[in-house]
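Q: Here is how the chains run, residue by residue.
2 protein chains.
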Amino acid sequence: MDRQRIVRVGLLGFGTIGSSVYRLIQKEHDQILEGTGVDLQVGRVLEIDSSKIPADVPQDLVTSEFSQVVDDPSIDIVVEVIGGTDAAFIFLDTAMRKGKNVVTANKQLLASRGEALFTLARDQKRHLRFEAAVAGAIPVIKVMRESMIAAELHTVYGIVNGTTNYILSRMYNEEGDYAEILANAQELGYAEADPTADVGGADAAAKMAILASIAFHSRVTLGQVAYSGIENVTLADVRYAKELGFVVKLVGAARLIDDRVSVRVFPALLPVGHPLSAIYGSNNAVFLQGDAIGEIMLMGPGAGGVPTATAVVSDIVSIANTKSVGFLQSCSCYRRLGMYPAGEVESAFFIKVSVADQAGVLAQIASVFGEHSVSIANMIQKGRGDEAELVLITHPTKEKHFFAAIEKAKTLQCCKSEPMTLRVL
Amino acid sequence: MDRQRIVRVGLLGFGTIGSSVYRLIQKEHDQILEGTGVDLQVGRVLEIDSSKIPADVPQDLVTSEFSQVVDDPSIDIVVEVIGGTDAAFIFLDTAMRKGKNVVTANKQLLASRGEALFTLARDQKRHLRFEAAVAGAIPVIKVMRESMIAAELHTVYGIVNGTTNYILSRMYNEEGDYAEILANAQELGYAEADPTADVGGADAAAKMAILASIAFHSRVTLGQVAYSGIENVTLADVRYAKELGFVVKLVGAARLIDDRVSVRVFPALLPVGHPLSAIYGSNNAVFLQGDAIGEIMLMGPGAGGVPTATAVVSDIVSIANTKSVGFLQSCSCYRRLGMYPAGEVESAFFIKVSVADQAGVLAQIASVFGEHSVSIANMIQKGRGDEAELVLITHPTKEKHFFAAIEKAKTLQCCKSEPMTLRVL
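These protein sequence lines map, in sequence, to chains C and H.
Going by our numbering, the first residue of the first sequence is number 4, and it counts up by one from there.
Going by our numbering, the first residue of the second sequence is number 4, and it counts up by one from there.
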């Protein structure tokens, strides 16, 4: 039948994702063939640790030498699921130079060396696909690159780190404070032994750099993404937010403002009723806004071997069926936009501060905010004596004005703690 | 530059969607060219009503003769946004026979004559794309066909009718009863003058037939979709549901059960916390479940000229960049699955019935349910005297058992009204 074509994959790595990709290709072979005409086969597996290879994987497929994969002329697509950055970069670089199309699930690699890889892909006219690198099984890269081609995207909000969303969801349900839930999440395998990259926001920042690059067609690197994490978010903050009708989430916010780009990651308050506020547990979601589409949201599992493998397999099939010269080969970053100055971005804020339990405190603080053109939308005053706390939500204002107001407020005698501030989306 | 290719579109119809497609192609021309290498041009516009054509559209583009579009060898892709079924069918049929790839936004056409069109597309090796026909700007067709190729989808729940979701969202907010909100929605343009197809469920059924066909690779026609609408859902029902922690939505439910297909549309109770329960206003959403992906949801505007046009344009660009022979040309319905018998489907139910205000009523009704293996999960008893009402939520049970129990319950003296029943998702 003329519609069938054999497509052979060289799989680099047989860990959690690699073995899931292998299994999925076996299991879905007939469906993929019938649905698309692609006769998908694993032609080579690169794995140094032979103990990872189960007995039912044909031994002659497995090699510990990269050259056996990349120099095999029958291999059409090289799939990198080995992790790390240096070796992975060399593998993908070499593979593209040798005429292979490539798929990777490696967000660290793309965030740190994406520029070189995307340029090479364009020059070599090779496909470089990476759906699995951001938000696991959620097809956000394909949707942005292909479906949103005429959508005029200007905003991408993402909940792109499952660990932090899991922790914050449980804090919202008042199941414990940050440290307790983190410890429990580590026991349950929802958080790494060293959770720094997740809870500190670096993981989300790497993903937002990729999403912003695709959405705005301009390369954003990890170094351009300002980020903060959830380590200092307390159960009390989450409770105050809840009382005011908000849910605290670690949010990535990428915006196109006056032809410049702003990409940041921060814990933020989302109003109950915002679609992102309902993203529970370790799920991920991406919320897109564009002039032509209004609002679109995609939600799903952000991690897991099998869900991630479905994204890798869809990339493979997509390459097999896309014209080899022409379509969105790299990240289609065809322009170079500057970064929008952080201080000029408009945000609303949540503020919590311990205050002296005396008359006129709110007036003093409100007066400082007023001098800096920051207006207050909501207020709660709690406790008595040494426990007195003031919680405020501001209207949106330029961040430089807000932070100037906070600096001034710190000098007030009535403010007895460093103010805790969180953005409000 | 060798990566650029001119792709010329013949646009059939210049109404709301057609004119938006035209504008979007003009506006996004340079971005599409830079991002994909496709130099997209409108080569012909078929429109009989010349008053619809604004002065800035070149007159030599416009024709009132279909042959001028389909016999123009420079036209690569024919886009049908003219509506109706008979003429639209002839246009697409002829276009594919004459070697054109085609895009349509016409769900009625696909639901009534999809089989013939998909078969023709396969035989002629033409692309037939229809992203805009279901859920407007939400790229659910592309995601299911391409990204979910290895996802093993077994369930598709959809909120695919904006009018009913708008009405039910406002009923949930207790802004009025069904008739009041419908009348207001008609005034505001959220509901048609004749809303029958929307509120009665037929519109959603046509869309679910298409979604089920793509998800399960087996052709489902409109005639195979059992549907009911929201006309009989009262404000009291919505309030009882809310009190029990549920939101009422018009839901399309397509499931693959034991290699057979069940596709239905009905008003249903969704637990608060279910991602679909948060879909507000006239938005649409599609919730996908598969063995390999867990759960994925897509949300966005289900209608509107410009959002729908973004889906049409993405189909055009996608065709321009997909290998012409091989990839998912038709609906990839490569198998023929039978329909799962309705009575065998397991569902939980909400029941509301007026009852005699006397002791032992619940015991009598519970006993009837028990005899039919229907167990009760929640109960509210309200009112006194002639106003007494009993509201029950059952555990999931085979629907034939449930309906047998309801028939029996109707014969009880203590049941003073026809029981109102709604499924619970």
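Derived from the structure by calculation, the hints contain no laboratory data.
Please read these numbers as outputs of a predicted model, since none were measured by experiment.
Fair warning: there could be bad hints in the mix.
Same chains, same label: a pair holds when it works inside one copy or across any pair of copies.
[Said to hold, decoys possible] Subject to a maximum C-alpha distance of 35 Å in a straight line, what follows is the list of computed DSBU-like cross-link-like pairs (lysine-lysine):
(1) K30 x K401
(2) K128 x K401
(3) K385 x K401
(4) K413 x K245
(5) K385 x K245
(6) K419 x K55
(7) K128 x K101
(8) K419 x K403
(9) K326 x K30
(10) K30 x K385
(11) K128 x K245
(12) K55 x K355
(13) K55 x K411
(14) K30 x K128
(15) K55 x K403
(16) K419 x K326
(17) K128 x K326
(18) K401 x K326
(19) K385 x K101
Q: Which numbered hints are broken by the structure, listed smallest first?
A: 2, 6, 10, 11, 12, 13, 15, 16, 18, 19
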